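Colleague: Listed here are the chains, written in short residue letters.
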Amino acid sequence: MKGGYTGKILRVNLSTKEITTEDLTEKMAKFHIGARGLATRIAYDEIPCDADPSGPENKIIMATGPLSGTRVIASGKTTFVGKSPQTNGYGSSNVGGHLAEELKFAGYDAVVVEGASKKLCYLYIEDDKVEIRDAKDYKGAGCISGERKMKDDLGDDVQIAIVGPAAENSVAYSCISHDFGRQAGRAGLGTIMGNKNLKAIAIKGSKGIEVHDKKRLDKIVRQMFKDAKEHPDFKAWQLYGTTNLVSYSNHNLKSLPTRNFQSGHFENGDNIRAEVMRRKIVRHDKACGVCPMACGKYSYSKSHNICVEGPEYETIGMLGSNLGIDNIEDIAYLNYVTDELGLDTISAGNVIGHLIEAYKEGKVTDKEIGKDMKGLDWGKTKEVELLLNKIAHKRGIGKLLAKGVKRVSEVLGTQEYAMHVKGVEISAYESRRRPANKLAYGTASIGGHHNDAWAIVFDAQGGKDKAEKVIELQHLRPGFDDLGVCRLPWVELGIKPELYKDALNALTGWSMTMDEMFEIFERNANLRRAFWGKHVPGFSRNYDNVPKRWYEEEVGDKKPEEDLVTKKEYDKLLTKYYRLRGWNIHSGLPTYKKLRELGLGFVIKDLKKSREKD
Amino acid sequence: MTKGKKLENILSIKPKDNFEELCSGCGTCEAFCHAAHYDTEGKKKSAIKISGENFPVPGGYKCNVCNQCGICAKECPSDAIYKDKMIWKIDYDKCDGCSDLEFPICVDKCPTDSMHSHPDEEYPIKCDGCGECVEICPLGALEYKTKQRVVGK
Ligand code: SF4
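Line order of the protein sequences matches chains U and Z. Numbering (this note's numbering) for the first sequence: 1 to 614. Numbering (this note's numbering) for the second sequence: 1001 to 1153.
Excised from the complex, chain Z in its bound form:
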């Protein structure tokens, strides 16, 4: 469920600093993300991705989720990514999924591998900061980033 109230203050969703200690790899965040945005149950259309490439040694999970840096918006040839409060969102009227390319440009250019495409979806998949993952994560491994860092001090 989109937490409308919270959205005002959310800069992004982020894995906690000690994410590697906390995350169990259950993928509950992915399942709730997928289900919140699409008709089916699943994980493959989740905007947050959990992976365990470090197994068996040393183990531990990694999280890719959008930090709302906005590079996708800059790169988008159709100007289809706009800022709503502090969150970058896709305008589906403008986005054409870069249908002439193998991957949408935003997916390609995302510096944190947090935008995805799916064979059955016309449009790229992007985190809209709804907070489903943060709310459901049973290990408390995710949080909202709510305060801007001081830049260029």
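Isolated chain U, as found in the complex:
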């Protein structure tokens, strides 16, 4: 290949200790682009349909895209893909920081980790030198302190993806942590590493990335930076990052999750908004590779004496308002505790919110939550901290909570307000009055997450073609993941998607059009869906339902009912979505015709086999 890609995939088998490399063919690159698309294809092809997500047959694939590590704006995204321990279905999560560039500088587009190690180990990659090393010195280490220790041992120029005690203890929603506070948080990808006894992946590279047309790329990247800097929202983004959304979400959208999504408005929300946080705790900005937006905020809480990257919007929502906590320093502290333990802040906040509500409803007893807890209520930081530790170490009630909100609710009989889709806890956008966003959550490829599509502003502006919009977003937003860049410069600063296509062409020497690129995005979306069909016998449209709470009034709300999206309306919208997608309206899976159209004919045999098991 002429540029953009390194053309190499590294494969490491932790059972046999075999380490090999293989070529990434241009054909494959052109078929899925890279990063998330490529990792999804490898996971689809290689993980057997009956693989236990916590067993050695599961794999974890870490992949970069053709734009990763270049001067393209915010080019620092890596995607991890595997079979999710939370859902048995498709799992994927991405992380920024400096991992993607380092892996490419080491000479690899992707790493496939298979098998499982008997002893705790870590993977060390330095250009052509690849080793599986003993990790006993890091056993039980937190994500943040463990990364420091590893950098002290290996050098500060090594980039590290690490898991914490939660993953070592196989908590279902463990995250992969990098760069002292960035995470591939969702769908339990960290759990897969934990189950493989893989504590960390440490990478150091020395190489550069080839470019087909340097002059052209030069023009494109300068245009991107110019457009970003000239955008009226640029300064606000640098100052506040995603926390800018807290106020807007709370007051305008009414989507700030509050007390386990009982409401979308937190009465004390102004205490945890962007300006308060910047003034009280932010020390400096912290960006991912080649990103001018610097949405990461590095904070110091005086009252708790800790430093933490964040909290960002999701964490303020899930560990703040969703738990009734209105003190920004307390949220920063809980963020720190959660990060260090290696739990996903979104899932952890969701699970704990559920537990507090269940306790208040009398579904859990004092004895069950433990004597060390003085009961449970909204707004109690100390109790939340205790629960986080119980979860990560699977102590007492933590054993149950570690399984995720779906299982918790099945045991407690509290399904009606278990805020998840497909077993993945819903992230920080209360959506009961937002049809397109509900559809986005319902049909998101990993379960309750907003990465694939986020349509809440579209809803608020009264957008009409909801199903069409969700589909468009589910192609373009993950498209940025496929390219190996962050989508935020496009979402927030309006950097044109065409420029990314041009950059791809300048790097690779291809002459891809927007239409061709969108066809690949659609192919990748269908393959993500097919993963569910292959791995989950009996998969049907029921999997795309959203929680019952989202068809009901806000708790304590007196607003007229008419703007609620009823189950009937949701079903209608879902059917329309399937029709537009060319998916079966009962199974919710791509039709054979659609699969053939997209060059995914090889999927059909797997879907047939899976149907036989129904």
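Because the hints were derived from the structure by calculation, they are not lab data. Predicted, not measured: the structure shown is a model, and the values here were computed from it. Note that the Cβ used here is the ideal one computed from N, Cα and C, for glycine as well. Everything hinted at is true.
Calculated cross-link-like contacts (lysine-lysine; reagent style DSS-like; alpha-carbon spacing at most 30 Å): (1) Z:K1049 <-> U:K229; (2) U:K302 <-> Z:K1016; (3) U:K235 <-> Z:K1145; (4) Z:K1062 <-> U:K204; (5) Z:K1062 <-> U:K151; (6) Z:K1145 <-> U:K219; (7) U:K214 <-> Z:K1094; (8) U:K608 <-> U:K594; (9) Z:K1085 <-> U:K214.
Example chain Z residues on the side facing chain U (calculated, C-beta under 10 Å, incomplete): (10) E1021; (11) L1022; (12) G1027; (13) A1035; (14) T1040; (15) E1041; (16) G1042; (17) S1051; (18) F1055; (19) V1057; (20) H1118; (21) I1136.
Use these hints to put chain Z with the ligand onto chain U, whose structure you have.
Modeller: Quick look at chain Z with the ligand alone, frame taken from chain U:
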């Protein structure tokens, strides 16, 4: 792009005094430095280096970039480092990369750790004051030093 006009007045490139508050660690400066001087995209051949050794506590980034002190020129056994306007540059006809040593002498002797060697490059990597990093830095954390300090007052 080398800013020929500016070069006349530039004494060196320097992190601003409040660099620790400003720098986000994005490494955009490194990426543009690397790309301005070599064929590939990357960061590893950048003459400016950003590092975050202080994480997690207290956090903050550090910048190593040449202050054009000229010690490298004094130490170079081949007299390969010369002054162009106010900037010290490597004469690649004279430099032999100290091929008999593990590190070039200039890299070894640089008092601010701002000269580098790279396994694939014959010659050491040195800031030539082109200003790519200053121009692109999105947080405005870098600046040109344009006025000489009064020495020995
Ligand atoms: S470009 Fe600016 S903000 Fe980014 S690392 Fe360099 S000096 Fe820091």
